[in-house]
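Protein chains: 2
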Amino acid sequence: MNEIKANWKGNMSFEANVDGHKIILDADAEVGGQNQGPKPKPLLLVALAGCTGMDVVSLLKKMRVKIDDLQISVAGEPSEEHPIYYKKVKLTYLVKGQDLDKEKIEKAVRLSQERYCGVSYTLQQVAEMDYEIIYSNEEVPTQATH
Amino acid sequence: MNEIKANWKGNMSFEANVDGHKIILDADAEVGGQNQGPKPKPLLLVALAGCTGMDVVSLLKKMRVKIDDLQISVAGEPSEEHPIYYKKVKLTYLVKGQDLDKEKIEKAVRLSQERYCGVSYTLQQVAEMDYEIIYSNEEVPTQATH
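As given, the protein sequences belong to chains A and B, one line each in that order. Every letter in the first sequence is one number past the one before it in the working numbering, and letter 35, counting from 1, is 35. Every letter in the second sequence is one number past the one before it in the working numbering, and letter 123, counting from 1, is 123.
Worth double-checking, as some hints may not be accurate.
Straight-line C-alpha distance at most 27 Å; calculated DSS-like pairs for lysine-lysine [unchecked claim]:
no., chain 1, residue 1, chain 2, residue 2
1, B, Lys104, A, Lys41
2, A, Lys5, A, Lys61
3, A, Lys22, B, Lys104
4, B, Lys87, B, Lys107
5, A, Lys102, B, Lys9
6, B, Lys62, B, Lys22
7, B, Lys61, A, Lys61
8, B, Lys107, A, Lys102
9, A, Lys5, B, Lys22
10, B, Lys87, B, Lys41
11, B, Lys5, B, Lys66
Have a look at the derived ranges for each label pair, beta carbon to beta carbon [unchecked claim]:
no., chain 1, residue 1, chain 2, residue 2, range
12, A, Lys66, B, Met63, 22 to 30 Å
13, A, Glu139, B, Glu114, 23 to 31 Å
14, B, Glu106, A, Glu139, 53 to 61 Å
Honestly, the hints are just simulated from the structure, not real lab data. Please read these numbers as outputs of a predicted model, since none were measured by experiment. For glycine and all other residues, C-beta sits at the position ideal for the given N, C-alpha and C.
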């Protein structure tokens with residue numbers, strides 16, 4: 001069982017505690033918030049990026065495929081009517097490295113999306129999802145410890 | 001369109017940027033992480049708490065119902081097989097205040113769950129969800145500015 005708590009901090013702000021880590025949630029000024037932290041709904045996209053990102057780096061490690069860097073972007077298109085949910089989600093994996101094994105990287109991403117990532121499975125119930133993998137051999141000097 | 005980015009920081013850690021706010025995501029040591037931040041999946045529960053919490057406080061404000069405090073707990077029961085998603089979610093709203101208008105508070109929570117909260121709508125597709133409201137007239141001296 002996973003448990004989290006969120007305490008109201010006035011106006012639209014909540015302070016969440018998840019496994020000892022704090023996250024301040026807030027809304028934009030136009031709906032009475034002060035933008036002190038992320039809005040709740042985009043956290044779904046953050047959860048998705050983290051879930052599939054961790055799948056991919058751990059699968060690539062098992063496959064002994066080396067990459068220098070991985071950057072994940074997620075765009076979500078909200079529905080027009082209440083309840084407002086993401087009706088389309090687009091994931092972009094930017095993989096950096098030299099002589100990348102594209103076949104295995106594609107396999108790792110596919111395994112995450114189709115089998116392992118429970119956040120993706122959840123969002124897929126309401127959102128049309130697709131993903132793209134972009135490869136780059138640009139040097140990543142500051143993150144050479146990856 | 002909502003957009004977020006998450007950059008790999010080595011091992012299982014990712015740094016997400018959502019509307020200028022940073023969130024470090026990480027995994028537990030047993031799967032190669034260092035617990036530097038929340039795990040991705042419980043962020044779904046955080047998003048749910050924030051989404052419904054903001055609905056409830058703004059609905060109560062419109063209804064001119066005063067409360068002193070609101071604490072939301074969310075428990076999620078993961079599925080046994082991959083993909084691991086939340087198959088059951090239990091929300092608890094702890095509402096504090098004097099002479100609380102329980103009927104209107106119940107209505108605000110119901111409107112959030114059944115009509116407004118897009119995170120709830122999304123999770124309901126895969127999870128059996130239920131909620132409970134607990135009332136307390138305990139004084140909340142340190143949060144009297146609510």
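Here is what the structure says about each hint:
1. The suggested pairing of B/Lys104 with A/Lys41 holds, with an alpha-carbon distance near 25 Å, which does not exceed 27 Å.
2. With a C-alpha separation of about 34 Å, the suggested pairing of A/Lys5 with A/Lys61 is violated against the 27 Å cut-off.
3. Taken as a hint, the A/Lys22 and B/Lys104 pair is broken in the structure, with Cα atoms around 30 Å apart against an allowance of 27 Å.
4. Taken as a hint, the B/Lys87 and B/Lys107 pair is honoured in the structure, with Cα atoms around 26 Å apart against an allowance of 27 Å.
5. Taken as a hint, the A/Lys102 and B/Lys9 pair is honoured in the structure, with Cα atoms around 21 Å apart against an allowance of 27 Å.
6. Between B/Lys62 and B/Lys22 the CA atoms are separated by roughly 32 Å; this puts the pair beyond 27 Å, and the hint is violated.
7. Only pairs whose Cα atoms come within 27 Å are accepted, and B/Lys61 paired with A/Lys61 is rejected, the gap being roughly 51 Å.
8. At roughly 53 Å between alpha-carbon atoms, B/Lys107 and A/Lys102 are farther apart than 27 Å, so this suggested pair is violated.
9. A hinted pair counts as satisfied when its Cα atoms are at most 27 Å apart, and A/Lys5 with B/Lys22 qualifies at roughly 20 Å.
10. Using a Cα cut-off of 27 Å, the hinted pair B/Lys87 and B/Lys41 holds, with the two alpha carbons roughly 12 Å apart.
11. For the hint linking B/Lys5 to B/Lys66, the alpha-carbon distance of about 38 Å lies beyond 27 Å, and the restraint is violated.
12. Here the CB-CB span from A/Lys66 to B/Met63 is close to 58 Å, at odds with the stated 22 to 30 Å.
13. The hinted range of 23 to 31 Å is not satisfied by A/Glu139 and B/Glu114, whose Cβ atoms lie roughly 53 Å apart.
14. Checking the proposed 53 to 61 Å range against B/Glu106 and A/Glu139 shows it holds: the Cβ atoms sit about 59 Å from each other.
Going down the numbered hints, you'll see the structure goes against 2, 3, 6, 7, 8, 11, 12 and 13, while the others check out.
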